[in-house]
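> If you read the sequences in order, they're chains A and B.
Taking the numbering used here, the leading residue of the first sequence gets 490, the next gets one more, and so forth.
Taking the numbering used here, the leading residue of the second sequence gets 15, the next gets one more, and so forth.
Don't read these hints as lab results, they were simulated from the structure.
There's no promise every hint is true.
Stated by the list, open to error - Among chain A residues calculated to face chain B with C-beta under 10 Å, some are:
1. Ile523
2. Ser595
3. Met597
4. Val700
5. Ser704
6. Asp706
7. Val712
8. Gln753
9. Ser757
10. Pro769
Claimed, not checked - Partner residues aside, some chain A positions facing chain B, computed with beta carbon under 10 Å:
11. Phe526
12. Leu576
13. Ser586
14. Ile598
15. Val604
16. Ile717
17. Leu728
18. Ile732
19. Phe748
20. Ala755
21. Leu761
22. Ile762
As the list claims (entries may be wrong) - Ranges of calculated distance between the beta carbons of each label pair, as one might list FRET restraints:
23. A/Gly749 <-> B/Ile187: 34 to 40 Å
24. A/Trp572 <-> B/Ala185: 44 to 50 Å
25. A/Asp546 <-> B/Leu300: 35 to 41 Å
What you are looking at is a predicted structure, and each value in this text was computed from that prediction instead of being measured.
Quick reminder that beta carbons are idealized off the backbone N, C-alpha and C, glycines included.
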Amino acid sequence: MDELVIILVRGVGVGAVFSLVAMSFNVVCNSSGILNFAQGNLLVMGGLCAYLLLPGDPEPIHWLVSLPLSALLVAAFLALQGWITLLPLRSSVEQHSWLITTMAVSVMIGAVILVWQGPFALNVRSPFPNFPLFGTRTPMSYLLAVACAVFWYVVLRWFHSRTQTGLAMSALSQDLDAARAAGIQVRRLQILSFAISGLIVGSSGFVAAPVIKISADSGISYVLNGFIAAVVGGLGNNLGALIGGPLVGVAAMFAAFRFGGQLQNAFSLALLIAVLMLRPQGLFGRMAARRV
Amino acid sequence: MSEAAANLAPAGQVSRPPGIVDRELCLGIAIIAIAILIPSLAGSIYWTYTVLLLGLYVTVAVLQNMLLGDAGQVSFGQGAVFGVAAYTCGIMAGMHGYGFATSLLFGIPAGILVGSLFALPALRVQGYYLGFVTLSAAVVFPELLVAFNDYTNGINGIRVNVPALNRPFFAGITPLCVIVFLLAAGALVLHAWLRRQRLGQRMVIAAASPEAAMTLGFSPGHVRSAAFVIAAVGTAMAGALYVPLVGFVSPSAFHVELSIFFFFSVIVGGQGRLIGPIAGVAVLYLLPNALLVDLVQYRLLGYGAVALLIMLLFPDGIVGTIAKRLGAGRPGAEFGELALAMPNSALATAARPGLAVDIADARKTYGKLAALDGVNLQVRAGSIHGLVGPNGSGKTTLLNAISGFIALDSGRIAALGRDTTSQAAWRTARLGIGRTFQTPRVFDALSIRENIEVAAAGPLQLPEAWTAAKPDQLPHAQRRLLEVLRVVASNAELLLLDEPAAGLSPAERRDFAQLLRTLRDRLGKTIVFVEHDLALVWRVADQITVLDAGRVIADGKPADIVAEKHVRALFTGAADA
Numbered sequence: 490m491d492e493l494v495i496i497l498v499r500g501v502g503v504g505a506v507f508s509l510v511a512m513s514f515n516v517v518c519n520s521s522g523i524l525n526f527a528q529g530n531l532l533v534m535g536g537l538c539a540y541l542l543l544p545g546d547p548e549p550i551h552w553l554v555s556l557p558l559s560a561l562l563v564a565a566f567l568a569l570q571g572w573i574t575l576l577p578l579r580s581s582v583e584q585h586s587w588l589i590t591t592m593a594v595s596v597m598i599g600a601v602i603l604v605w606q607g608p609f610a611l612n613v614r615s616p617f618p619n620f621p622l623f624g625t626r627t628p629m630s631y632l633l634a635v636a637c638a639v640f641w642y643v644v645l646r647w648f649h650s651r652t653q654t655g656l657a658m659s660a661l662s663q664d665l666d667a668a669r670a671a672g673i674q675v676r677r678l679q680i681l682s683f684a685i686s687g688l689i690v691g692s693s694g695f696v697a698a699p700v701i702k703i704s705a706d707s708g709i710s711y712v713l714n715g716f717i718a719a720v721v722g723g724l725g726n727n728l729g730a731l732i733g734g735p736l737v738g739v740a741a742m743f744a745a746f747r748f749g750g751q752l753q754n755a756f757s758l759a760l761l762i763a764v765l766m767l768r769p770q771g772l773f774g775r776m777a778a779r780r781v
Numbered sequence: 015m016s017e018a019a020a021n022l023a024p025a026g027q028v029s030r031p032p033g034i035v036d037r038e039l040c041l042g043i044a045i046i047a048i049a050i051l052i053p054s055l056a057g058s059i060y061w062t063y064t065v066l067l068l069g070l071y072v073t074v075a076v077l078q079n080m081l082l083g084d085a086g087q088v089s090f091g092q093g094a095v096f097g098v099a100a101y102t103c104g105i106m107a108g109m110h111g112y113g114f115a116t117s118l119l120f121g122i123p124a125g126i127l128v129g130s131l132f133a134l135p136a137l138r139v140q141g142y143y144l145g146f147v148t149l150s151a152a153v154v155f156p157e158l159l160v161a162f163n164d165y166t167n168g169i170n171g172i173r174v175n176v177p178a179l180n181r182p183f184f185a186g187i188t189p190l191c192v193i194v195f196l197l198a199a200g201a202l203v204l205h206a207w208l209r210r211q212r213l214g215q216r217m218v219i220a221a222a223s224p225e226a227a228m229t230l231g232f233s234p235g236h237v238r239s240a241a242f243v244i245a246a247v248g249t250a251m252a253g254a255l256y257v258p259l260v261g262f263v264s265p266s267a268f269h270v271e272l273s274i275f276f277f278f279s280v281i282v283g284g285q286g287r288l289i290g291p292i293a294g295v296a297v298l299y300l301l302p303n304a305l306l307v308d309l310v311q312y313r314l315l316g317y318g319a320v321a322l323l324i325m326l327l328f329p330d331g332i333v334g335t336i337a338k339r340l341g342a343g344r345p346g347a348e349f350g351e352l353a354l355a356m357p358n359s360a361l362a363t364a365a366r367p368g369l370a371v372d373i374a375d376a377r378k379t380y381g382k383l384a385a386l387d388g389v390n391l392q393v394r395a396g397s398i399h400g401l402v403g404p405n406g407s408g409k410t411t412l413l414n415a416i417s418g419f420i421a422l423d424s425g426r427i428a429a430l431g432r433d434t435t436s437q438a439a440w441r442t443a444r445l446g447i448g449r450t451f452q453t454p455r456v457f458d459a460l461s462i463r464e465n466i467e468v469a470a471a472g473p474l475q476l477p478e479a480w481t482a483a484k485p486d487q488l489p490h491a492q493r494r495l496l497e498v499l500r501v502v503a504s505n506a507e508l509l510l511l512d513e514p515a516a517g518l519s520p521a522e523r524r525d526f527a528q529l530l531r532t533l534r535d536r537l538g539k540t541i542v543f544v545e546h547d548l549a550l551v552w553r554v555a556d557q558i559t560v561l562d563a564g565r566v567i568a569d570g571k572p573a574d575i576v577a578e579k580h581v582r583a584l585f586t587g588a589a590d591a
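This is chain B alone, in the form it adopts within the complex:
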């Protein structure tokens, strides 16, 4: 069942609020078409050239937007990908006499290769580390072109003429105009389409929280790599087309400033907005060029100043700020009530006999501190099992060990009939083990509906109100509930909940206890939960394990262990606090 949940195949039922994105997409395509048509029809060679160059830049920036805004990957090196493709085509066509079409067979794969290489460090490092690695690549690339001048013609550059693509076939429109339009518009369509696919949503999740990604049963590294490869394909195609458009490649055209220009375009336009890169490229390129035509050396100053000002004045970028002014989001009304009504029999799992979790002598130390000091734990399938104990007693560590976020020093864990002792978190999740966190991993960029659907195994009946509402309108406690719903929707058999009731009101706590019972009785789930509200635990749990300093100090039915000395101390301790 949960294998299906983890399948990377696109899920047809995932839906966005219709209209908003589509309108943006149509607007974007229309802008590109008009921008290319007008100068071509008017017969302005200079403006046709400029607009086509910007079309290539927009292609790269749109994909960089996907990489940064959706997948959260900071790459300062997309200009190098662009340049490698362009230069390889230039070398093959200009120095070795191949036709331009043939040179594409070398240029595009070369660009894709370099762009995909960025994914390698991205598997290990994130954020500014990755930014520095890719930035270094962008600095080094033109230096290498000069260093290996026997193969690249060094600083003299390479001249390539491709007259066939530049000959107008109708009223000033050349084949290149059509190709550049298709490429730029195609990049936009790809980005819009990707966002509706499971892969696109997973990029958002992996960027917001790698832990959550693993809980949902996929490796954030795989998703990041996919984003880099997709970006590299389009960027390399744009780079290859630079050659027939400009007719000349030289190292100075692919300096690090080009990469920074692509990055800034995304930010200035509005990170994550579909048509943001069009606005960004236009403003960053045209503004300095139009205002300071005679002073090319001021262009860099212009890039820097515009990017800085936009970041300070409009942190959401041009398009982002406009969109925010135009439409404010609706509140997610009555989320709590709807949430408690959501679980239905479609999400039921077949009852399993025996133990859902069996832990033997689990040990884990951090430095000198023993977080788990020989813990044994058995959880019956189809039961609600409470874990209680003072702060630092090892409750969360135990959940982490079951869900595979930490590896034990020694001991064994079996869950849902399999040995999961040394299994990675995302593999464990695929077995049907769902997990929530103390700090809810909720994705504000997705709607409430998408937050649940992203983990869903099959079609869900969800309230209409959740389609457009964003989770950032929910109070903290309800965000936690949303995370529980997501895990339920993933069809996990075993739910590991870390302080799910924290912050809920007394009335909500009663409802929550009922939700747990519903999950157990009607859907056949096994629930292990860590909770500080002892009254709640004693009311709802079938079995309770009390931990202290990494050891089990009591274990049994609520009524049986309540009289034990350790447990009473826990109650009075809680009363003192």
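Next comes chain A alone, as it looks inside the complex:
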């Protein structure tokens, strides 16, 4: 019973982080068709910001000041990355260069963290105490990650349906050429979407810093699980991402408890293949994974 509660609570908490990565995928993917492989390492970068900005024994006020700062830092980095990624797409007929450029950026971030901070995972202390839940003491960061996921879901929903810019961005996701013909500045909006995805992963990496693994090699695991959450929910659909994340998180946590942490990613991979084989459009998806 205790075990089940722990699996559920932590699974949902970790899953919320996957949801956030999935939503950050969706924002960029909807506006440009690009999936940013570096998103996992950028989440780790948000965590790294927490490690660098917060003092060893932080107070809530430090936390409140550093949170927007770290979100903005990662967003600025992503805007730059977006600009670079979109550069070759302007002229070349090769429309898959982003597969390589985003992967290359991801590898470089990991390598810089390795050179700078060494191979070991960094620990961040939370300013908030653990809270009791069904008789277990749960780190507050899990709860904050869930709150963060809901927050960004609501904000994105408002942004896409209520603001002029957000509406234009939704138009991009439906028909790029039509949007261009309607006078929408496509390139600028696409870079903005990279920046927004940076706000999302930057803030989530910061908020979840005490419970995620901040190291040179952990980004890839978050990018994979975030992608799986996005696919489970239906790529491009934020509600799907919000629900898909905890599903993946609980499944991965269950695998970790039952079969050991080494098999967590293997379990996620099996889940990904199962979803792609049985329901490639995901739970709420409209984009088809299949071209023919």
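Position chain B relative to chain A; hints supplied.
For chain B alone, coordinates are given in the frame of chain A:
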């Protein structure tokens, strides 16, 4: 007849411009030979080892190049295939005491099995989906090695000595040197050879356009699977040879970085270029190692930075950019004239009595929209049949239904005397039903000649100028014509053409009308075509069907239906537009 067209057997008459590829191939083999010979003869153990390791990496990268550049399959997991073969050999030889030769019997099939498994998701998903699945496999593989440490010796790894392969038999040259050379050079030869085969060309087509592949009568999934299996065979062999070369396997040697290294090598060298992977492996491996000998941890940073810079500065890769500078392509001159002269009696099909197409009560809805709302259509064999109607009236949907790209909700379709109602597109194509698209499916990586020959049933007499010229030099309208020629060359009896004349000049339209008549009268083809140029349709068609909102509103000979009210509205509507 068209069964022969769809046969996967290699066609001897398919030819590439001689010289270019062969020169690249010879250069590649020479580079590998010299790179292995010099350090062996000089007696440098370190450099012999490094070069042999690079030889194995080149083998994997060459096959990855085939997989990505030709077959268009994004696999980030080739390192896992390599690793599975190496580890299986290591386990059999190092932990269970089998000889290395025996361990190969386990290792190579194990690698091939894993590589072939990648083909399974590739049947369902493409592009970054496939990239993520294979990437996950590459991440998971070393984790599994650690998790099942009872069987794999975990992070301690396995030591294997194979002295027989490492003993020099002549001036520092070991049997392993010879084997690695044969493997790497063999991978290059295989790639060059494959490109001249029908299978290789089909990979290019399936990658560029699955729809076109199906129109030409083959399943893109089968071709993709073949590419994965071929790549897996060579990759597994290279993986197995890692064991005697390094003498030690451990999980850290097969991390996801290895797979990314293989992928980047292809891109940096020049995707699709035969010797690109040699340049890519050399630059990515040697540059960081030579410049930063003491700082191994900077190597990853080097991979990433080099790949990023190459992609931004030389999107065609090292070899691709050099080749582009050296030789620019010649324009495909007078394509139009030559094209109209191409159809000859060798391509004739026997006349068939009766109906070529018979559609009864075809219905298809998309959501609430009825694209086909009870359509009946009869097309006489050996006739030219025009389909006209406003945008969204169901013309293209009807062509899609006949050629098997969509399944009807209800109703029946018979084509060329067979019931094709629920047949897959590539099967329909094999019956002798050819199809062109509004956006021409032309393969820029192939020459104009190859674009036609890829569908050909037999040897063709084609103009010399088409052997080297690439279709990317043709204007849009002529690309459309090229697609028509390809369908004609496939010996299809029934040609379904979707707006074939769009973008042609008035003079070209007259020629095109003549081409359609030639196809009907001299070659006995049946032609169904969708066209917005009503004057052209009325001039050339024997029978015309007018569609509106998924229904047939007029059907008959051009002179008979021109007076009908619906049809007149169509003309005036077109005049208003």
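> When the hints from earlier in the document are held up against this structure, which numbers fail?
Numbers 4, 5, 17, 18, 23, 24, 25, in rising order.
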